[in-house]
Every structure is written in C-alpha cells, then in structure tokens.
Amino acid sequence: MQSQDEKLGKFLQAINEYSEKQRQLILMEVEEQNRIELERAEKETLADTYRMISRHTADVRSSIARELSSRELSSRKALLEKRGAIEREVFEAAGKKLCEFVKTEDYAKYLSGCAKAAASTFRKAADDTVFRIRPEDMKYSELIGREFGAQCRFEEDAGVSVGGILALNKKLGLALDLTLGSRLEQQKEWFCETSGLLVC
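Quick note on the working numbering: the sequence shown kicks off at 1 and runs consecutively.
Source of the hints: derived by calculation from the structure; they are not laboratory data. Do not rely on the hints blindly, as some may be mistaken.
[Said to hold, decoys possible] Here are the simulated DSSO-like pairs of lysine-lysine, each with C-alpha atoms no more than 27 Å apart in a straight line:
no., residue 1, residue 2
1, 7, 188
2, 139, 103
3, 10, 188
[As the list claims (entries may be wrong)] Pair by pair, the computed Cβ-Cβ distance ranges are:
no., residue 1, residue 2, range
4, 92, 68, 52 to 60 Å
5, 33, 104, 41 to 49 Å
6, 59, 84, 31 to 39 Å
7, 62, 32, 22 to 30 Å
8, 124, 192, 18 to 26 Å
9, 124, 7, 26 to 34 Å
10, 16, 57, 29 to 37 Å
The C-beta atom is built at its ideal place from N, Cα and C for all residues, glycine as well.
Model the full assembly from the supplied sequences, consistent with the hints where possible.
In structure tokens:
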C-alpha cells in the first residue's frame, strides 16, 4: 500500500504534468497567434507606409505604435484569462480529488500523521492543545487523541471545509494548520511559480 507522501507526490506530479501540457498548448497557441498577428501587422504597416511615407511618416509611426501596444495589451489580457481558467480547472479537479480522498481509509492515516506532527510541534505544552476539525471528522477524535498522546480537546469547525486538522495551543502561542484546504491553497503559489504560466 502506498504511503501518504507517495500518494501526495503522485497527486502533485499529476497536477504538474497536466499543468505542463496545458502550458505547452497555450504557448503554441500564443506563438501561432503572434505569428499571424505579426504578419498582418507587417502587411498593414507596409501598405500604410508606402501610401503615406512622403506626407505622414510621423503619423504612421504613431499609429503603428498605438496599435501594437493595444494588440499587446489585448493578447496579454487573453493570456491572463486563459491562465486563470487553467488554474481554476486544475484546482477544482484537485479539490474534487481531495473530497474523494477524505472518504477513503487513507484519510484516517493522514489524520494520524497530522496528530503525530502536532505532538512533535506542541510537545512542550501538549495538554493545552485544541484540535479544530470538520463536524464529519469528529468520529476520528479518538484516533487523533491516541496518536497525539496527550490530553487534548476537540472543536467542530465548519471552516475546515475539506478535511484535516487545525491544531491550536494558546500556551505556546502556536497554530499548526494541516487542513487539506490550506495545503491546496499553498499549492496555488507553487503552481503559479513553477507551471510556466506567469505572464510578464
């Protein structure tokens, strides 16, 4: 049976592979669009230049500069919209996979690992720890408490929408967010940085 890290690794690898394919498609579309736009812009520019070169050289240059700027902005806007759509699609799919994951037996193992991580983080004042979990996950409170290995409390938190735990320790002034929703949000920044879909 695969470990949680292996599954998360495969899941992230699948997201990366999908992102790379989408990035390549967008780049090919943008290159083709730029080639066509450049050909068209060159033809228009040459025609205008030949007709008006003696009287309107300054006007032609100004007009070309404005049009290219407008086209660049338009292309950039279209690219940003495509990038946003891909990002939404990828993370909606990832969210659905996480919703499926919390229904599996491996989810209990994930919560067990979260409890052990909390025990390590809060070992100096473990008895002051509060675990905030989804109402549906209260059935795992005994498992989490056992793996945590110290006196702790549990509170239902509808804000933990996907799953996982939010561990708080007021005495230490620490919080450990191991919710699946926050982990997915953290992946968005990584996705934007590594997917190659940044628009400069």
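A quick look at each hint next to the structure:
For the proposed pair residue 7 and residue 188, the alpha carbon gap of about 18 Å is at most 27 Å, so the pair holds. Pair hint residue 139 plus residue 103 holds up; C-alpha atoms about 13 Å apart against a cutoff of 27 Å. Between residue 10 and residue 188 the CA atoms are separated by roughly 17 Å; this keeps the pair inside 27 Å, and the hint holds. Our hint of 52 to 60 Å for residue 92 and residue 68 is violated, since their Cβ atoms are close to 36 Å apart.
For the pair residue 33 and residue 104, the supplied restraint of 41 to 49 Å holds, since their beta-carbon distance comes to about 43 Å. Roughly 37 Å separates the CB atoms of residue 59 and residue 84, a value that falls within the hinted 31 to 39 Å. Evaluation of the 22 to 30 Å hint for residue 62 and residue 32 yields a pass: the beta carbon distance comes to about 29 Å. For the pair residue 124 and residue 192, the beta carbons lie near 36 Å from each other, so the given range of 18 to 26 Å is not met.
Look at residue 124 against residue 7: about 31 Å separates their beta carbons, and that is inside 26 to 34 Å. Our hint of 29 to 37 Å for residue 16 and residue 57 is violated, since their Cβ atoms are close to 51 Å apart.
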